[in-house]
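Protein chains in written order, with the numbering used here: chain A, 85 to 229; chain B, 3 to 426; chain C, 21 to 245.
Among the hints, a few may not be true.
Stated by the list, open to error - Calculated cross-link-like contacts (lysine to any residue; reagent style SDA-like; alpha-carbon spacing at most 20 angstroms):
1. 147(A) / 51(B)
2. 171(A) / 54(B)
3. 101(C) / 285(B)
Derived from the structure by calculation, the hints contain no laboratory data.
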Amino acid sequence: MKKFLLSLVFLAAFWNTASADDLVTRDVAQLPAMARTLLQKHFKEHKVSYIKIDKEFFDTEYKAVLTNGYEVEFDEEGNWTEIDCKKGVVPPVLIPTAVKEYLLKNFPGDTVEKIKRTKRRVEVELNAGFELEFDKNGKLVDFDD
Amino acid sequence: MNLLHYTNRNLSLVILLLMALWGTVFYFLIIHEVMDETDDTLANTREIVVGKVLAHPEILQSNDSIMQRYAFREITPEEAVSYRETYYDSTLYIATEDEFEPIRVMKTCFRTADDRFYELELRISTLERDDMVRAIWWALVVLYVVVMLCITIGTRLVLQKVFRPLRLLLDWLERLTPGKPVPPLNRESPVREFRILNAAALDMAQRAQTAYEEQKQFIENASHELQTPLAVIRGKLELLADTEGMTETQLQYVGDMFETLARVVKLNKSLLLLSRISNGQFTEKVPVDLNRLASEIVRQMDELYEEREIRCLLREEGKCIVEMDESLAHVLVGNLVRNAMGHSKPGQEVTVLVTGQRFAVMNCGEKPLDPNLIFRRFYQDPDGKKESNGLGLAIVKSIAECYQIGIDYRFDGGKHIFELIFVK
Amino acid sequence: MKILLIEDEEDLRNTVRESLMKERFVVECAADYRTAMDKINDYDYDCVLLDIMLPGGSGLSVLSALKRMRKQESVIIISAKDSVEDKIKGLDMGADDYLAKPFHLAELNARVKSLLRRKKARGDTSIVLGNLTLYPDKRQVEVNGQDLVLNRKEFDLLYYFVSNPNRLINKTSLAESVWGDDIDQADSLDFIYSQVKNLRKKMKTAGADVEIKAVYGFGYKLIAP
Numbered sequence: 085m086k087k088f089l090l091s092l093v094f095l096a097a098f099w100n101t102a103s104a105d106d107l108v109t110r111d112v113a114q115l116p117a118m119a120r121t122l123l124q125k126h127f128k129e130h131k132v133s134y135i136k137i138d139k140e141f142f143d144t145e146y147k148a149v150l151t152n153g154y155e156v157e158f159d160e161e162g163n164w165t166e167i168d169c170k171k172g173v174v175p176p177v178l179i180p181t182a183v184k185e186y187l188l189k190n191f192p193g194d195t196v197e198k199i200k201r202t203k204r205r206v207e208v209e210l211n212a213g214f215e216l217e218f219d220k221n222g223k224l225v226d227f228d229d
Numbered sequence: 003m004n005l006l007h008y009t010n011r012n013l014s015l016v017i018l019l020l021m022a023l024w025g026t027v028f029y030f031l032i033i034h035e036v037m038d039e040t041d042d043t044l045a046n047t048r049e050i051v052v053g054k055v056l057a058h059p060e061i062l063q064s065n066d067s068i069m070q071r072y073a074f075r076e077i078t079p080e081e082a083v084s085y086r087e088t089y090y091d092s093t094l095y096i097a098t099e100d101e102f103e104p105i106r107v108m109k110t111c112f113r114t115a116d117d118r119f120y121e122l123e124l125r126i127s128t129l130e131r132d133d134m135v136r137a138i139w140w141a142l143v144v145l146y147v148v149v150m151l152c153i154t155i156g157t158r159l160v161l162q163k164v165f166r167p168l169r170l171l172l173d174w175l176e177r178l179t180p181g182k183p184v185p186p187l188n189r190e191s192p193v194r195e196f197r198i199l200n201a202a203a204l205d206m207a208q209r210a211q212t213a214y215e216e217q218k219q220f221i222e223n224a225s226h227e228l229q230t231p232l233a234v235i236r237g238k239l240e241l242l243a244d245t246e247g248m249t250e251t252q253l254q255y256v257g258d259m260f261e262t263l264a265r266v267v268k269l270n271k272s273l274l275l276l277s278r279i280s281n282g283q284f285t286e287k288v289p290v291d292l293n294r295l296a297s298e299i300v301r302q303m304d305e306l307y308e309e310r311e312i313r314c315l316l317r318e319e320g321k322c323i324v325e326m327d328e329s330l331a332h333v334l335v336g337n338l339v340r341n342a343m344g345h346s347k348p349g350q351e352v353t354v355l356v357t358g359q360r361f362a363v364m365n366c367g368e369k370p371l372d373p374n375l376i377f378r379r380f381y382q383d384p385d386g387k388k389e390s391n392g393l394g395l396a397i398v399k400s401i402a403e404c405y406q407i408g409i410d411y412r413f414d415g416g417k418h419i420f421e422l423i424f425v426k
Numbered sequence: 021m022k023i024l025l026i027e028d029e030e031d032l033r034n035t036v037r038e039s040l041m042k043e044r045f046v047v048e049c050a051a052d053y054r055t056a057m058d059k060i061n062d063y064d065y066d067c068v069l070l071d072i073m074l075p076g077g078s079g080l081s082v083l084s085a086l087k088r089m090r091k092q093e094s095v096i097i098i099s100a101k102d103s104v105e106d107k108i109k110g111l112d113m114g115a116d117d118y119l120a121k122p123f124h125l126a127e128l129n130a131r132v133k134s135l136l137r138r139k140k141a142r143g144d145t146s147i148v149l150g151n152l153t154l155y156p157d158k159r160q161v162e163v164n165g166q167d168l169v170l171n172r173k174e175f176d177l178l179y180y181f182v183s184n185p186n187r188l189i190n191k192t193s194l195a196e197s198v199w200g201d202d203i204d205q206a207d208s209l210d211f212i213y214s215q216v217k218n219l220r221k222k223m224k225t226a227g228a229d230v231e232i233k234a235v236y237g238f239g240y241k242l243i244a245p
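If we strip away everything but chain A, and leave its shape as in the complex, we get (with noise of 0.2 angstroms):
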């Protein structure tokens, strides 16, 4: 019986999810308000060509793909997580000030292509094809070429 119960509680579950199917739309009024905010101020010469709206069990995840190929990613508050531009230049005010500035130091002719932002750590890909990985004060983990 018991087991019996479990299953259902598991297949529910799996329902609950498959009901929660991944929105896509182009409207951006579906993006958190923060979200669209920086679409407008930082890329505003592009427009979104779709939006993907990922639910998952406990957040929401967002991203804007442009026309130009770029991608955004934003969390379930509008902050941005990803911003990958693939050869394009990520807009330097969106880079931590830490980050930026030991990038100005020690990579000053290289552009930043994609960054990466969690919790604790910050990825950032140069276009010469670096990757750095710094820690939340902007000191530098890891280093991969």
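Guided by the hints, dock chains B and C onto chain A, whose structure is given.
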């Protein structure tokens, strides 16, 4: 159905139910997971395809018509505003294989740099999914069979061991016969319940045996104890009849008492004989010549019933020698013949037939008797004579049982046929 | 004629004694094993009637004591146990006859007399009643020296009657004596009736001066002159 089969069947049912339930759940889980993966793959493909389109818009003109993996279609902005991404199952005709292949389709839309909207249709074959479903199904079937086999063999082995004391107890119970000594029973068992059961069964059997013995003994003792008082009454009656000055009426009364007393004496003797037979007091076995015995009894009966014009005829079709107590053989044959004679009417005849392995007595009758009743003690034929005490055939039956002689009654062609069957 | 009656049941003892005394026997009684042993040690008897189950010991021990003493007493066992084994055992030990309880006094009379006759007469066991002579061993009857032809059952009946002359004999007692006790009573009584009728006729024709008198509803009586 024995315990083992019963347990097995119930276990199988429960497991079948559980497996069916689990199979269903498992199936849906897997299918959902696979669907999810498929859809994820489609979404990822979409990202790659759209990424490529955005980088190289010329791809829009080259629908992948060979592989038929994706297709673009330009849509109006209005259409695009209310566009909802969809996933669905479909089939696709494969010309080379001349069959329809199951596919999963994703429809989505995107905007290009020149502010035009396109619908992207992505397709992915789901043949693997069907294969998987089949594999899951077979896996479940195999699992069920294996589990059932294991459980069947397992329970058989375990239960056989566990229930060994029970089987021993059952064998023992089958060997129990009222009147025979209680066979020994091994009461030892590691299982407490079986020990209790064994002890209880043994105790019960011994008590039943004691009660049985006592009861049998009681009848025998009672019958014996009655003999002397009966002798006193009989003697006193004789003395009374012989006293001077008895009137004719008084003598008639005494005469009636004599006759009644004779019935009591006869009854008591029959009871004594019955209880002695069932007490197994006749153990001696000698070869008894049934032909000779029958002819002796037939002659006696014929003589006795001559006055009532009832004939008793002997037909011998074989020599019949039986190993049994001689006096019991006499009672056995005598009672059967006497019973037949006593129930015959003047002018009728009784036939006694002796063959190699059978002894039959036939007499005329109007309707069949109830074979379940006639051998019972004190059974009185409703229109029978009141002088018979209803023990004659009961004695016949206990003698037959005592020596494993088959006894059969049937009514055939207006004749009651009582038959003894001696099996060597 | 002296008879020792060994029987523990007082009523039966008295009854049997009275019956035997009517036949002019001298009867002494013993109620238990001890008394019985004392009596057989101290006196001689013509016949001993012996019950097997006695207080203080078995009647069979009394029997073996008698045989050990090489006494001439005829012994009739009267037992409540009517079993063939007991009968055979008793006869093997030297008893002359075996009578199962409940017996008829007339039967007991007949048996006692038969034994005593055999013992005294040494060969001549004939019974003479008036002009009728009965030879039990030869199964012959003579009236006035003339053979009286009887069938087997008629002879048995007459033998029983002459053993109990002038005694009222019940029908059932007669039936048992000629047929044994395992016969359906009603039918055997019919038979007795017709056989006695024939017997009376034959005796009358032969001119016997003993007469079998029918007592309605009870039985018969042999009247001897």
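> Among the hints numbered above, which are violated by the structure, and what are their numbers in rising order?
Replying inline: none
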